[in-house]
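Going down the list, the protein sequences come from chains Y and E. With this note's numbering applied, the first sequence corresponds to residues -6 to 197, in that order. With this note's numbering applied, the second sequence corresponds to residues 53 to 248, in that order.
Keep in mind that the hints were calculated from the coordinates and are not lab data. Any given hint could turn out to be false.
[To be verified] Here are the in silico distance ranges between beta carbons for each label pair:
{"hint": "1", "chain 1": "E", "residue 1": "V94", "chain 2": "Y", "residue 2": "I91", "range": "33 to 43 angstroms"}
{"hint": "2", "chain 1": "Y", "residue 1": "N154", "chain 2": "E", "residue 2": "E239", "range": "40 to 50 angstroms"}
{"hint": "3", "chain 1": "E", "residue 1": "E229", "chain 2": "Y", "residue 2": "G43", "range": "31 to 41 angstroms"}
{"hint": "4", "chain 1": "E", "residue 1": "E55", "chain 2": "Y", "residue 2": "A176", "range": "32 to 42 angstroms"}
{"hint": "5", "chain 1": "Y", "residue 1": "I114", "chain 2": "E", "residue 2": "N61", "range": "44 to 54 angstroms"}
[Claimed, not checked] Coverage of chain Y stretches by chain E, computed from C-beta distances (three or more under 8 angstroms per stretch; other residues unrestricted):
{"hint": "6", "segment": "2 to 16"}
{"hint": "7", "segment": "39 to 45"}
[As the list claims (entries may be wrong)] To spell it out: a stretch of chain E is covered by chain Y in this simulated footprint if at least three of its residues, at any positions, have a beta carbon under 8 angstroms from a beta carbon of chain Y; those stretches are:
{"hint": "8", "segment": "54 to 67"}
{"hint": "9", "segment": "72 to 79"}
{"hint": "10", "segment": "133 to 147"}
{"hint": "11", "segment": "225 to 236"}
Even glycine gets a Cβ: it sits at the ideal position worked out from N, Cα and C.
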Amino acid sequence: MGLAETQKALVRLYTVAKWREQFFAEPAVAGCSFGLDKEEALGLATANRGQVEFFANSLHRKRLGAIRQLLPVTRKAMGKRFGDLFMRFSETFVPCGIRKHEMDAVAFSRFLNEAGIDWEIPWLPALAAYEADWLEAWHPGSRWISRQYAWPVGHIAVAVNQGKEIGRPGAGCYSAFWWRLNAMGAPKRVVFKNPFRRAPNRSS
Amino acid sequence: MAELIHKVNPSYWSEHIAFTRADGVDVGHLAPLPFSNEALDVICRNVEQVRRAIDVPLVLENITYVVRMPGAEMSETEFLNTILERTGCGLLLDVTNLHTNSTNHDFNPYEFLDGIPLEKVVQLHFVGGHWRDEVLVDSHSSPTPEEVWRLMDEVVERCPVKGIILERDENIPPFDELSDELARAREIGKRHKRWD
Chain Y
-6 MGLAETQKAL VRLYTVAKWR EQFFAEPAVA GCSFGLDKEE ALGLATANRG
44 QVEFFANSLH RKRLGAIRQL LPVTRKAMGK RFGDLFMRFS ETFVPCGIRK
94 HEMDAVAFSR FLNEAGIDWE IPWLPALAAY EADWLEAWHP GSRWISRQYA
144 WPVGHIAVAV NQGKEIGRPG AGCYSAFWWR LNAMGAPKRV VFKNPFRRAP
194 NRSS
Chain E
53 MAELIHKVNP SYWSEHIAFT RADGVDVGHL APLPFSNEAL DVICRNVEQV
103 RRAIDVPLVL ENITYVVRMP GAEMSETEFL NTILERTGCG LLLDVTNLHT
153 NSTNHDFNPY EFLDGIPLEK VVQLHFVGGH WRDEVLVDSH SSPTPEEVWR
203 LMDEVVERCP VKGIILERDE NIPPFDELSD ELARAREIGK RHKRWD
């Protein structure tokens, strides 16, 4: 079995549910797209499907564990739905590189804002975007970031973190700026209601 | 990596016998290789390549695997033996990984120990995992189980172990629990005269 071709097929098997379905349904056809010949594909398809599914699920759970720590306020505000929506999202995106967990958190925040999810609490996607932007501000190369939100995300984040009642915050345009003078310092931040700008169209 | 190792100047450094990415896609975890001759050749070639950049001794670590890879041309112990023989690397034996694999894939871990070159074991890793859907998961999230302590005792008695690392990085308990586990590992080493 060609090792390089097998590894190409395996990374898809482990990370893409749709590809797992296709491969185990028609291994010769699906394997062909990664350069496996029929014999190699059929050989790989003798892998225990249950073991492959378990491993794939473990990878999603590992990613979830990492981004729960990177987006703690969003997680707290969303409760169980955070994990449910992440599992849905994680089938659509595979992060890579040494900052993959941050990349995952930022992409998940984008997913929460753009996937047409029905939100009972309208400011949740804005909160996720705010927390993801904060991650970006902490990135070593990042010196200056400005963002607009449709909700008072700074106050909401503090209230969620402290377990306080949030009530019904008013929508509007809220501007946030992060900056730092040197690459190693902690970023400074300010969030304020901006009377000179219209609220962004998106929830965040 | 070479730069970091040069700065830290450790006695040895380690890497897992596994792959984590292919074709630009990250698996996100250590994934097993088939126990095949081609995989052997690739590992030995990779070890040779890193040696050209890093002159500190490399030790190789066994991983846990849920998926038993098809395409095996030899047993895991034969695979491990050949890698260590051809590369001259030491072995970082993760006793929890051995226990986890033996539990999930129903083999005797002590027979596994009989099949590997114990004189090449340099260091051990240990911790506890958790059960999910009748699979033991190496999650580094719980106290070390008795089976792993027994394995560690056996290995330390038979191998010239230089060090042992507790790999608890999830579900962190009060520090006393961690220091108790370390004290127990130290005691095992003392009893077998591996250190004072």
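Status of the hints after comparison with the structure:
| no. | hint | result |
| --- | --- | --- |
| 1 | E:V94 to Y:I91: 33 to 43 angstroms | 23 angstroms, violated |
| 2 | Y:N154 to E:E239: 40 to 50 angstroms | 43 angstroms, holds |
| 3 | E:E229 to Y:G43: 31 to 41 angstroms | 34 angstroms, holds |
| 4 | E:E55 to Y:A176: 32 to 42 angstroms | 18 angstroms, violated |
| 5 | Y:I114 to E:N61: 44 to 54 angstroms | 53 angstroms, holds |
| 6 | 2 to 16 | holds (count 5) |
| 7 | 39 to 45 | holds (count 5) |
| 8 | 54 to 67 | violated (count 0) |
| 9 | 72 to 79 | holds (count 7) |
| 10 | 133 to 147 | violated (count 0) |
| 11 | 225 to 236 | violated (count 0) |
The structure fails to meet hints 1, 4, 8, 10 and 11 from the earlier list, while all remaining hints are met.
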